[in-house]
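Asker: Residue strings, one per chain:
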Amino acid sequence: MQVHFKKVVNKEDECAVINAVEKTAQIQSAMELLSGEKASIPVSHNGQSLFCNTVKIFYIESVDKRTFIYTKDGCYETKHRLYELEKILDVYFMRCSKSMIVNLKKIKSVKSELGGRMNATMLNDETIVISRSYVKEMKRRLEL
Amino acid sequence: MNRLKLIFVQTMMISTGMLMTLGFSGLINHLRGNDLKFEWYYPMSILLTGFLCALPTLLFYLKDDKEAQFEKKMIAVHFVLLYMIIAASGRIFGWYSDIKGLVSVFITYVIIYVAVWSGSLWFMKMDDNKINEALKEIQDKE
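Residue numbers (numbering that gives the first Met the number 0), protein chains in the order written: chain A, 0 to 143; chain B, 0 to 141.
Hints were generated in silico from the structure; no laboratory data involved.
Among the hints, erroneous ones may be present.
With a straight-line cut-off of 20 Å between C-alpha atoms, the simulated SDA-like cross-links for lysine to any residue are [as the list claims (entries may be wrong)]:
1. A:K22 with A:R139
2. A:K110 with B:H29
3. B:K135 with A:R140
4. B:K124 with A:T126
5. A:K138 with B:L120
6. A:K135 with A:S98
7. B:K140 with A:V54
8. B:K135 with A:T126
9. A:K138 with B:R2
10. B:K4 with A:S130
The following residues of chain B were derived to be distant from chain A, with all beta-carbon distances above 12 Å [to be verified]:
11. L21
12. G22
13. N33
14. D34
15. K36
16. E38
17. L46
18. V79
19. Y82
20. K99
21. V102
22. V104
23. A133
All C-beta atoms, glycine included, are put in the ideal place defined by N, C-alpha and C.
So here's chain B without its partners, still in its complex pose (with noise of 0.2 Å):
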C-alpha cells in the first residue's frame, strides 16, 4: 500500500512539474510572439509519463537495509532511467523534434527533477520534525 501511495504521490508531483513547464514556456513563447501547439492528447500523455517516471522511484525500495554508496548509485540509475523514459516518450509524443529540442527537454527534465526531489526531502524533514517532536516528549533525561 505505501508504494501504491508512493508512485501515486511521485505520478502527481511528477505531472505537475511537466505542466507548470509547459505552461511556462507556453506563456514564455507567447510573450515573444510564437504561440506553443498543444496536441488535445498532451495532457494524458504527460499523466503517463508521470505514472511511468515514477515507477523508478522502487529501485530505492530494492534493498531495506543499504550502505550510502549503493544509494548513490541508485541515485545514477535513477537519474538516467528517467531520462531515457522521457526522451522516448518525447520521441513518441512529438514533444520534440530534433537535438535542439532533446536538449531542452534535458535542461527541463534536470529542472523538474530537482524540484522533485527537494518537494521529496521537504516533505521528509517535515515527518522527521514530527517524529523529533514526539520523540522529545518521551525522551528519557541522562
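Bound conformation, chain A alone (with noise of 0.2 Å):
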C-alpha cells in the first residue's frame, strides 16, 4: 500500500484518509493506534482499582466465573466477563479456548499437537493452549 504524508498547519486538520478494497486486521489496527482508541481495562490487584492499557496484555482467563488478565509480569482481575472483553478488544484478541482469549501479537510460536489443538508459546515463554477448534479462526486472523 501507499502511503502519503501531507504536512498541515492546524492541529485541527490533521486527518488520515485509507483508501483500501477492504477493511483487513491490519488496517482496523491502524484505525486503531491514528484515532487513539487503544482501549484500556479497569482491573483490580491487591485491592487497588487500575486500568490495564490492552496493549500490555498477553492472555485472559476465566477461573471459576472470575476474569484475570495476565500481563508480561502480572495478573489482575477484571469484572468484565470474557464475551464482553471479546467486543471492546481488538481482531488480535481471540479465544483460544473456551476459557480464554489470548493476544496473537504477544504469540512467540505455535506448535500442532496430534488432536489437532496447538501449543502456543508466549513472548514471556509461557505456554498456552489453542484448542483445535479455534485454530482454524487463528488463520483467518493472520490471512492464511
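Since each chain sits alone in its own frame, please combine them into the complex, following the hints.
Answerer: This is the structure in C-alpha cells:
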C-alpha cells in the first residue's frame, strides 16, 4: 500500500484517509492506533483499582466465573466477562479456548499437536493451549 | 467439514501407501522370477481398507483439551485398531493365506503406519511454519 504524508499547519486539520479494497485486520489496527482508541480495561490488583492498557495483555483467562488478565509480569482481575472483552478488544485478541482469550501479538511461536490443538509459546515463555476449534479462526485472523 | 477432509486425506494417503507397497512387492517378485497375482478387486479393496483405516483417526478428536498421556494411549489404541482392520481386510480379500503372510502384512502395515504419520507430521510442521511466519509479522517487541 502506498503511504503519503502531507504536512498541515493546524492540529484541527489533521486527518488520515485510508483507501483500501477492504477493511483488513491491519487496517483496523492502524485505524485504532491513529484515532487513539487503544483501550484500557478497569482491573483490580491487591485491592487497588487500576487501568490495564490492552497492548500489555498477553492473555485473559476465566477461572470459576472470575476473569484474570495476564501481562508480561502481572496478573489482574477484571469484572468483565470474556464475551464482553471480546467485543472491546481488537482483532488480534481471539478466543483460544472456552475459558481463554489470547493476544496474537504476544505469541512467540506455535506447535501443532496430534489432536489438532496447538501449543502456543508466549513472548514471556509461558505456554498456553489453542483448542482445535479455534485454530481455523486464528488462521483467518492471520489472513492465511 | 474438517473431519470429512481429514478422513478423505487419510484415505488417500493410506491407499496410496498400500498401492505403492503392492507395486514395489510386485516389482521385487517379478525381478525374482515370481509374478504377483493381481485380482480385479484389489484396487477397490485397498481403497475400502484405506477408508476404514482413516476412521479411527477420529479417536484423536474425542477430547479437545487432552493430556499428553491420553494422546499416547490414543496412538496405541489407534495402532492396534488399524492393524485389526488390516488383518480382517486381508483375511476377507485374500491378501494372505497363512501365518507367514500375516507377518508380511504386519511388516507392511508398520512401514505404511510410520510413513503416513511422518507425512501428517510434515504437513503439520509446514502449517506451523506458515503460522509462525505470520505471527512474526504482527509480533510486539518486548
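Asker: With reference to the structure, classify each hint as holding or not holding.
Answerer: For each hint, the structure was consulted:
Straight-line distance between C-alpha atoms of K22 (chain A) and R139 (chain A) comes to about 14 Å, which keeps the hinted pair within the 20 Å bound. Restraint check for K110 (chain A) and H29 (chain B): not satisfied, since their Cα atoms lie roughly 45 Å apart, outside the 20 Å limit. At most 20 Å may separate the alpha-carbon atoms for a hinted pair to count; K135 (chain B) and R140 (chain A) meet this at roughly 14 Å. Proximity of K124 (chain B) to T126 (chain A) is assessed by CA-CA distance (about 18 Å); at most 20 Å being required, the pair is judged to hold.
Restraint check for K138 (chain A) and L120 (chain B): satisfied, since their Cα atoms lie roughly 18 Å apart, inside the 20 Å limit. Taken as a hint, the K135 (chain A) and S98 (chain A) pair is honoured in the structure, with Cα atoms around 17 Å apart against an allowance of 20 Å. Note on K140 (chain B) and V54 (chain A): the hinted pairing holds, with a Cα-Cα distance of about 11 Å set against a maximum of 20 Å. Straight-line distance between C-alpha atoms of K135 (chain B) and T126 (chain A) comes to about 17 Å, which keeps the hinted pair within the 20 Å bound.
The straight-line distance between the Cα atoms of K138 (chain A) and R2 (chain B) is roughly 17 Å, inside the 20 Å bound, and the hint therefore holds. For the given pair, K4 (chain B) sits about 19 Å from S130 (chain A) by alpha-carbon distance, which is consistent with the 20 Å threshold. No beta-carbon of chain A is positioned within 12 Å of the beta-carbon of L21 (chain B); the least distance is around 28 Å. At the 12 Å boundary, the C-beta of G22 (chain B) stays outside the reach of chain A, the nearest C-beta of that chain being 29 Å off.
With a least beta-carbon separation of about 40 Å from chain A, N33 (chain B) lies farther than 12 Å from that chain, consistent with its non-interface assignment. Its beta-carbon lying about 41 Å from the closest one in chain A, D34 (chain B) satisfies the requirement of being farther than 12 Å from that chain. Non-interface call for K36 (chain B) relative to chain A: holds, since the shortest CB-CB distance, roughly 38 Å, exceeds 12 Å. Remark: the non-interface label on E38 (chain B) is consistent with the geometry, its nearest Cβ contact in chain A lying 35 Å away (cut-off 12 Å).
L46 (chain B), annotated as away from the interface, keeps every beta carbon of chain A farther than 12 Å; the closest lies near 25 Å. Remark: the non-interface label on V79 (chain B) is consistent with the geometry, its nearest Cβ contact in chain A lying 16 Å away (cut-off 12 Å). Its beta-carbon lying about 18 Å from the closest one in chain A, Y82 (chain B) satisfies the requirement of being farther than 12 Å from that chain. Once the 12 Å rule is applied to beta carbons, K99 (chain B) is consistent with being away from chain A; the minimum gap is 34 Å.
Distance check on V102 (chain B): its Cβ is at least 28 Å (rounded) from any Cβ of chain A, clearing the 12 Å threshold; non-interface status holds. V104 (chain B), annotated as away from the interface, keeps every beta carbon of chain A farther than 12 Å; the closest lies near 25 Å. For A133 (chain B), the non-interface assignment is contradicted: its Cβ lies about 4 Å from the closest Cβ of chain A, within the 12 Å cut-off.
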